[in-house]
Each structure stands twice: as C-alpha cells, then as structure tokens.
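Given next are the chains, with one letter for each unit.
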Amino acid sequence: MKGLIIKDFLNILKNFKMVGAVLIFYAVLLVMTGNPEGFVGIILMLFAIYFLTTYSADENVKWDSYALTLPISRERIVQGKYVTMLLFTLSGFMFSSILMLIYNVVQNQKNLFNGIKTNAAIAAVVILFNSIMIPVINKVGILKARIYAVVFYMAVFILGSLISDKIKELYPAPPENLVRFVEVVFKNAHIAVPLILLAALIISYIISVRIYRNKEF
Amino acid sequence: MNALELNNVTKKYDKFTLDNVSFKVPQGTIMGFVGENGAGKTTTIKAILDLIRIDGGNILIWNRPSKNLPVELKAQIGVVFDGSNFHDNLTADNIDYIMRNIYSNWNRKVFEEYLRRFKIPSDKKIKEYSRGMKMKLSIAIALSHNPKLLILDEATSGLDPMVRDEILDIFLEFIQDEEHSILLSSHIISDIEKVADYVTFIHEGRIVFSENKDDLIYRHGVIRCRKEDVKKIDRKFIVGIRENNFGAEVMINNVDLFKRQNREFVPEKTSIEEIMLFVSRGKEVNV
Chain V
-6 MKGLIIKDFL
4 NILKNFKMVG
14 AVLIFYAVLL
24 VMTGNPEGFV
34 GIILMLFAIY
44 FLTTYSADEN
54 VKWDSYALTL
64 PISRERIVQG
74 KYVTMLLFTL
84 SGFMFSSILM
94 LIYNVVQNQK
104 NLFNGIKTNA
114 AIAAVVILFN
124 SIMIPVINKV
134 GILKARIYAV
144 VFYMAVFILG
154 SLISDKIKEL
164 YPAPPENLVR
174 FVEVVFKNAH
184 IAVPLILLAA
194 LIISYIISVR
204 IYRNKEF
Chain Z
2 MNALELNNVT
12 KKYDKFTLDN
22 VSFKVPQGTI
32 MGFVGENGAG
42 KTTTIKAILD
52 LIRIDGGNIL
62 IWNRPSKNLP
72 VELKAQIGVV
82 FDGSNFHDNL
92 TADNIDYIMR
102 NIYSNWNRKV
112 FEEYLRRFKI
122 PSDKKIKEYS
132 RGMKMKLSIA
142 IALSHNPKLL
152 ILDEATSGLD
162 PMVRDEILDI
172 FLEFIQDEEH
182 SILLSSHIIS
192 DIEKVADYVT
202 FIHEGRIVFS
212 ENKDDLIYRH
222 GVIRCRKEDV
232 KKIDRKFIVG
242 IRENNFGAEV
252 MINNVDLFKR
262 QNREFVPEKT
272 SIEEIMLFVS
282 RGKEVNV
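Residue numbers (the working numbering), protein chains in the order written: chain V, -6 to 210; chain Z, 2 to 288.
There's no promise every hint is true.
Across the chosen pairs, the derived CB separations fall in these ranges [as the list claims (entries may be wrong)]:
| no. | chain 1 | residue 1 | chain 2 | residue 2 | range |
| --- | --- | --- | --- | --- | --- |
| 1 | Z | GLY159 | V | ILE151 | 45 to 53 Å |
| 2 | Z | LYS25 | V | GLY134 | 34 to 42 Å |
| 3 | Z | ASN147 | V | THR111 | 47 to 55 Å |
If you are wondering where the hints come from, they were derived from the structure by calculation, not from laboratory data.
No experiment lies behind these values; they were computed from the predicted model shown.
Virtual Cβ for every residue (Gly too), placed ideally from N, Cα, C.
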C-alpha cells in the first residue's frame, strides 16, 4: 500500500509547479484584500481537487488494471486512496495553518492561532466531500463523478435554499430543542466533528470496497 | 506442471463471447497466443489476471485458482500490457522507488541493469520516451522482481523490428531457467514463430488450435495446383483453400499420411502465419 501512496504523491508533486503559481496569485490577491481565511480555504480546496486528479492520472494510463496484477489486493488499492486523501488533506491543513501563523505574526495579531479553527472546519468539509466522491468515482469513473458532483451539489444548494425559505415562512423562530441541539454540537465540535467524519469515512470505505471488489477492468 | 491452465473459460458480452477457451502453458515454455485484433486475446488475458469475472470454466496458475490469487504468487508474475501504465511525468527512478515499496522481492540492481542494457535514462520523464523505450521500461519492470511467469499482451506491437528483436532475445534469455514460463500474446506471427514453443490460435472468441509449434508446422503443408485439381485432393486432409487468378493453394493436414497416399501432389513447407490464414479465411471456400 505504501507504494501506491508514494505513486499518488509523486504524481501530485510533479504537477505542483502550477499549484504553486495559483497559490501565489491567490495569496497576493487575498492578503491584499485582507481576507487570509479565504486564502487558506482556497489552499485546502486546491488540495482536494489535486487529490481527485490522481484518479484522472490513473484512468489515463489504465493504472488500476496494472495495479491488480501487482502483489496487492483490491481492498489495499481502495485503502491506499483513502490514506492518500487523508494525508493530502492533512498536508493541506498543515501548510495553510503555517501560512496563517506567519500571517498572524506579520500582522501582530493578538491570537496567533486566529483562523486555524476555520481552517480545520474546511479540512473537515474536504474530507466529507471526498468521502462522498470516492465511492462515486469507484462506481462511475472520475469523468462522470465530476459531473454528478456538480449536479448533486447544485441540487442540494437549490433545494436547500428553497426548503430553508419554506421552513422560515412556516416557523419564523426555530424550535428551541433544535437550537439547543445545534448549540451542544457546536460546543462539542472537537468531539462531534471527528465522530461524524469517522462515520462518513467508514461508510464510504465499506461502499467503495464493495464496488471495487465487483468491478471489471 | 503447468504454469497456466484454462479450462472452458467463457465470458459473454453483448457483441462478443469468449467461448469455452481451453489451453495450457507448460512450465519452462513460451506459449504464443495469436489471433487477429478483436479475436479475444486481451479478454483472455484479463480473465487470467482476474480483471474480469468469467461466466464459466476455471483458470489455474501453478495449480491454484487465479481468482483471488495469494499475493505471494502474484509477486512471481510479471505483466506487460500494450503501453505504459505509469503516469507520463514519472521517471524510471520514481518507478524504482514506487516498486520497491510494492514488491518485497523487487531487485533494484536487476532493474538498473536492465535500464543500462536498454539505454533508458533513469532521470528522464516517461513522456519524453519513444514507444520502444516505454515498452522496454515496462519489460524491465516486469523482470525486476524475479518473476517465474511473464504475461505479455501485445508487448511487441507497434515497435520497429530492431527493438522487437532485442525484446524477443530477452524473452529467450528469461526462458533458459526451466521454472520460467511466458504467455506472449501478439498478432505479429513472425515474433511468435521466432520464440514460441507452443502456439494457441484464437479466432472469434474460440480456440482453433493449441499445439506444439514445430509439430504444427511439420504436420501441415501447402499444395499449389490448378483450380480443377483441387477436386482430386481427399477432403479429409484439407484445412483450407485459397484461389487466385493463377490457380489454387490448398492447406493440408497430416502431411506424412497424405504423401503416402498421394504421389501426384507435393506439399510444400508452411508457416504458422499461413496455417492461421487458411484456417481463419480459407475454410469457407467450397471444394
């Protein structure tokens, strides 16, 4: 499995020159506009997108058919992608957090860790996003998965706004129980978020393995 | 012992069926797997490598079912597909680093030796390689973990004769060890004729023959005669007939017996390529 992770990281790093250029562009733009939190968000999103490019690279060279001839089981191939995704998101988080710290030091911020929480929240969203994407990619391939993702997230966004407007109309004030529940979740986010992510990853992994075991190449 | 054995392997698609494919690759031999494009060679290899589910039959690698083959046995198989399976931005050095973290039996020295022998620069990106260099790199990878079975799908297609010859020599070297075996799929019959001990011919998803190459060549012969003389040839010997403006060519089987029974015709020596052409294209001619 280590070899698979190394392969993905090498593939990503080989394309990093372009990412570096994009990052510098956004860094200049966003620091000038005084919105460093937006900048770290973009860094993490770029890392998420670059993780997905490993699937495109694999498809281009029919890597999976070849990988299955190597002394690796189908389960290990799936595991390799999840570990790559987590390591890559963690790298993105570390990288953007260090930049955030540097920015805070340069700006003489009272709280040096300002913005790190936002950064962690974005990393959590990235992991959740990829947990949904990986089984879909395993099922339909990266090209279709990208289209499905756009359609899915647009549908969620549009339907979500419509439903939320409707609920606001019917219940101008949210139920107290719900408010209390949300408050509890937010207060215990350091426990709740990792638990939610763990559950999402486990479910996602089980579905992916099931799909990959039956997949033909 | 057989390195590889397929028994009545069947795989059905909408427009193609791999139909009861059976053949064996004895250990210590090279099996040439031939057939026209779309005959089912790649589908058969995918079935052997457990890349597709088969609908019937069974496949054994060293007497073990190929389905979910233990990783220790997979580590003894080297596979080369048509084309490179590594990302274009990687170098041979990168591949060495990846492979030594995949194969417990990866032999770095052997890999470097092949790179030197094939004149493959280890620090150059794959995208800068020629097709021949890419194929040679794939073969170097397949040979650098001390495999006992090589499975090659059209590994020599699209290469110039010099490179093909160089690669075929490597296969002949590899097979010097009697534990080693090769399944070499190709539609370039001259390559198969040069190196194979056995030949399996697949046509429209079915195995037409799977035999010792020399026996096959010795047993067959071609008679060149006038069109009207074809009727004089006993039909039981005829494999196929080709007619042209100058007369007819008849491929016959059991040449020795034919010679004893027919003094009128003198069969000429033939080749695997000719046998294949007569079997696949000459059969439909009415005698």
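Within 34 to 42 Å or not, the Cβ separation of LYS25/Z and GLY134/V? holds, 36 Å
Given a hinted range of 47 to 55 Å, is it respected by the beta-carbon distance of ASN147/Z and THR111/V? holds, 52 Å
Is 45 to 53 Å a correct range for the gap between the Cβ atoms of GLY159/Z and ILE151/V? holds, 50 Å
Consistency with the previously given hints is maintained throughout, with no hint failing.
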